[in-house]
Structures are given as structure tokens and as C-alpha cells.
Amino acid sequence: MQPEPQVGDAYLVARARDGYLDAYEMLVQRHSAMAYRVALRLCGDHHDAQDIAQEALIAAWQNLARFRAESSFSTWLYRIVTRRALNKVTRGRAAELADLLDEVADPVPGPAAQAERNLAVDAVTDALAALPFPQRAVVILHHFEGLSYAQVAEVTRSSVPAVRSHLFRARRTLGTKLEEWR
Amino acid sequence: MTGSVSEPPSGGSAVRHLLNAVTLPCDADVDELLEQVADGRGADRDAHQRDCVHCQAALAEFAALWAPVIDIAARPVPAPRGLTAAVMSQIRVLVRDVWYTLQTTDLGVIRIAARIVAALARDSARMVPGVRVALGRSTHSKLAELAEQGSLKHRHPHAAVGVLGRTAVVDLAVAVTYGDPVRDVARDIQRHVIATLRESIGLQTITVNVTVDDILTGDDQ
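The listed protein sequences derive, respectively, from chains W and Y.
Note that the first sequence covers residues -15 to 166 in this note's numbering.
Note that the second sequence covers residues 57 to 277 in this note's numbering.
Just chain W, with the same shape it has in the complex (with noise of 0.2 angstroms):
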């Protein structure tokens, strides 16, 4: 079978508002990942997450007639899955960020270099538990997610000075906290 090209989101968002469901399986294929990755990393359980990941793109599916083509279905996708995190957070148990890395696979390196960044992972993962959810968000779409300040903003429906601001202050304690475990 010859390889699938990379057509555009706008263009699977269109098919698969017209029904056709495999297109919606690919926009799913393409951005599971990172729903998962951002619910992960807001919340921190990976139990949470998943529900969390799942729910939002499901919601996406169903609003897909509401779906103006303004921002980009990623961007929209964000903002579902962020908002929904919110909920969890702000509803459920306190926000006790798991490790980050639980379920990566990645090359292991020795102990002693294993237990350094076990502790720089705890370390991180401690520090972005301790800041409010919207200093998180903004530390965790941006520096995280590569996100630009705009699109930060878009996500959030904020300013992108708004978005700075929460920046400044979310890496000073960041930073205060990651000093402490040095």
C-alpha cells in the first residue's frame, strides 16, 4: 500500500465532518499523544489523563460542526483537553503530579546517573505540582509543548501579556523550588 501523505488537519477536519469517520480516526491517530501528554502533565495520574485524553477527543468529535476554522484543530484540541484537566483538578483529589516519565521508554542509563535524574524528574515534577493550575498550564503548553505566547492565549482565551505575566512569576517559583533541591 502506498504511504499515507501528510494532508492537512483542515482537510480531515472537513471529511470527517461530512461523516467520514476513518478521517476523524486519523485527526485521533495524529493527537492522542499529545492529549495524553498534556492531561498528564496538568494532572498528573496517569489514570486521569487517559480518561481525560479520551473524553476530550470525543468532545472534539461532537462539537466538530462548532469547530470554527479561526484556530487550528490542534489549538482547539488543546484548549479542550486543558479546560477539562482544569475540571478534574479543580473537582477531584489535590493535584499530586505524578512522575512525569512513568511510562517512558527510554535508554537506560547507569544507576547512579538513573537516581540523578530520578531526582531531577521528582524535583520538576514536585515544583510544577506546587504552582497554581495557571501558572502550570502556561509553564506546561509553553515550555513543554512549544507552544508560541499567542497560541498560549488562544488556548487560554487570554492576552498574551497576561500570558507573560503568568510566565515571570510561575519561573521564579519554579526556579526557587528547583534551587532547593540542588
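Please note that the accuracy of each hint is not assured.
What the hints assert, rightly or not - Distance windows between CB atoms, simulated:
1) W:H31 to Y:A103: 45 to 53 angstroms
2) Y:H104 to W:A134: 26 to 34 angstroms
3) W:S149 to Y:N265: 49 to 57 angstroms
4) Y:R239 to W:A146: 52 to 60 angstroms
5) W:S132 to Y:Q112: 25 to 33 angstroms
6) W:A49 to Y:Q146: 13 to 21 angstroms
7) Y:Q146 to W:H30: 16 to 24 angstroms
8) Y:E91 to W:R52: 27 to 35 angstroms
Claimed, not checked - Lysine to any residue pairs mimicking SDA-like chemistry, simulated, CA-CA at most 20 angstroms apart:
9) W:K72 to W:T140
10) W:K161 to Y:N76
11) W:K161 to Y:D127
12) W:K161 to W:A104
13) W:K161 to Y:A116
14) W:K161 to Y:A77
15) W:K161 to W:A113
16) W:K72 to W:A43
17) W:K161 to Y:D95
18) W:K161 to W:F117
19) W:K161 to Y:A119
20) W:K161 to Y:E91
21) W:K72 to W:P116
22) W:K161 to Y:A99
23) W:K161 to W:T109
24) W:K161 to Y:E88
25) W:K72 to W:T109
What the hints contain is simulated information worked out from the structure, not anything from laboratory work.
Where a beta carbon is used, it is the ideal one built from N, C-alpha and C, also for glycine.
Based on these hints, arrange chain Y on the given structure of chain W.
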């Protein structure tokens, strides 16, 4: 947070000192320096920073401090296995996409979900030269409704809508390669898909509707 840093102590307390200040003795903004490092631009120093020991020291301290964050952010977090399948399975339930073909044989009844027919048609269409993308849809909702009315007695016990019987209507949306004769490609798709479905499923009455809705150039690969 205090004003400017005077003489920063060394080591860990130097960073704490920096993080509690607004500016360095050279008036450089501490937040902007931390932003520069956190955004991976720590080495892109401007003319002032290239000559300023305060900025250089602060950038170096922040680079060491922020390194674990950059490290962790760069590491992949794969989606759990089965996530896509779980999502699509729930969506199929929501759209009641449970049409079946129905064939009665001397050994019993064979039912094949319409989405399987659509997937076979899609994969078959992708084999046709000139086809770059093919998406399959099992049947048009209106036709499905008519088929349901005509085949209520064959209703599958677990199906929400019914069966299509021995006939299938498959819609294909395809994108083709720029320069290929679109009409010829579309005809080839119809012939190829019909032959595939006849051979693999045994359906005799098959309608294949092809919509060519995009033309891709080599750059789109």
C-alpha cells in the same frame, strides 16, 4: 522580591539572590534573563550581555537551574496503547455505525460490519496508481435508512439500526496526484474497489461513489 542585586554570593544562594531581585546591577531585567534561558536562547547574547559579567553569571546560573526542565520537556510521553481504538469505538457507538452486510449460506448467516466494508474499500482505493489519500464511508444515511426499512426482519440483535443485506453503497473521498487524469483515476478506483469487495466479501451489488476533493503535488508528500 527586592530591587537590584548588589554582590551575589556564590553557589545555590547566588541563584536565590537572583530570583529575589528585579534587576541586576547593570539594570538587566532578571525575568527577561530567565525567560531567555528557559526559551533556549541562553547562548544568543546581545552586545551588552557579551561584555557584562553580571549578565553572563546570571545566564550561567539560570542555565544550570533550568536544565532539568528542558531535559524532561524533551523526553517523549507516548499515548497509552489502545487510546485511539477506545476513542473510535465510543464514537462508533454514538453514531450507531453498526450496519451489517448479510449473507445467508447453508451453514448460517454471515454479517460483516459496514465499517469493515468501508475500510476494505478505502484500502483498495489506496492501491490505485494516482491515489494519494482515500477515506471510506460505509453508506449514505438516506440510503441506509431505506435499506433499514427494507430489511427490518434481518435486524441484528445488537445493532441499533439494521442491515444492508447483499448490497453495499460505499462513498470514497480521495485526493489524487497532480497531473494524473482525474476521471480515469476515479474510474480505476471504482473498478478496483468493486472487484476487491466482490472477491473478499462476496457482495454482488455494489455502488462505489467517488468524490475527488483534493489534488496533491509532490511537495505534499
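Tested hints:
Evaluation of the 45 to 53 angstroms hint for W:H31 and Y:A103 yields a pass: the beta carbon distance comes to about 52 angstroms. In this structure the supplied range 26 to 34 angstroms holds for Y:H104 paired with W:A134, their Cβ-Cβ distance being about 27 angstroms. The given range of 49 to 57 angstroms is respected by W:S149 and Y:N265, whose C-beta atoms sit roughly 54 angstroms from each other. In this structure the supplied range 52 to 60 angstroms holds for Y:R239 paired with W:A146, their Cβ-Cβ distance being about 54 angstroms.
Taking 25 to 33 angstroms as the suggested C-beta distance range, the pair W:S132 and Y:Q112 conforms, at roughly 27 angstroms. Checked against the hint of 13 to 21 angstroms, the pair W:A49 and Y:Q146 passes, with Cβ atoms roughly 18 angstroms apart. Take Y:Q146 and W:H30: their Cβ atoms lie about 19 angstroms apart, and the range 16 to 24 angstroms holds. Checked against the hint of 27 to 35 angstroms, the C-beta distance between Y:E91 and W:R52 comes to roughly 32 angstroms, which is consistent with it.
Annotation: proposed proximity of W:K72 to W:T140 holds, straight-line Cα distance about 16 angstroms (limit 20 angstroms). For the hint pairing W:K161 with Y:N76, the CA-to-CA distance comes to about 13 angstroms; that is within 20 angstroms, so the pair holds. Between W:K161 and Y:D127, the direct Cα distance comes to roughly 17 angstroms. Compliance with the 20 angstroms bound is thereby established for this hinted pair. Among the hinted pairs, W:K161 with W:A104 is consistent with the structure: their alpha-carbon atoms are about 11 angstroms apart, no more than 20 angstroms.
Restraint check for W:K161 and Y:A116: satisfied, since their Cα atoms lie roughly 18 angstroms apart, inside the 20 angstroms limit. As the CA atoms of W:K161 and Y:A77 are separated by approximately 16 angstroms, the hinted pair is consistent with the 20 angstroms bound. In summary, the hint linking W:K161 to W:A113 is supported, as the alpha carbons are separated by about 11 angstroms, within the 20 angstroms threshold. Restraint check: the Cα-Cα separation between W:K72 and W:A43 comes to about 15 angstroms, which is no more than 20 angstroms; the hinted pair holds.
At roughly 19 angstroms between alpha-carbon atoms, W:K161 and Y:D95 fall within 20 angstroms of each other, so this suggested pair holds. In summary, the hint linking W:K161 to W:F117 is supported, as the alpha carbons are separated by about 16 angstroms, within the 20 angstroms threshold. With a CA separation close to 15 angstroms, the supplied pair W:K161 and Y:A119 stays within the 20 angstroms bound. Under the criterion of a C-alpha separation no larger than 20 angstroms, the hint pairing W:K161 with Y:E91 is consistent with the structure, at around 17 angstroms.
At most 20 angstroms may separate the alpha-carbon atoms for a hinted pair to count; W:K72 and W:P116 meet this at roughly 14 angstroms. Taking the CA atoms of W:K161 and Y:A99, the gap is about 24 angstroms. The hint is violated against a cut of 20 angstroms. Restraint check: the Cα-Cα separation between W:K161 and W:T109 comes to about 10 angstroms, which is no more than 20 angstroms; the hinted pair holds. Taking the CA atoms of W:K161 and Y:E88, the gap is about 19 angstroms. The hint holds against a cut of 20 angstroms.
Using a Cα cut-off of 20 angstroms, the hinted pair W:K72 and W:T109 holds, with the two alpha carbons roughly 18 angstroms apart.
Of the numbered hints listed earlier, the single one contradicted by the structure is hint 22.
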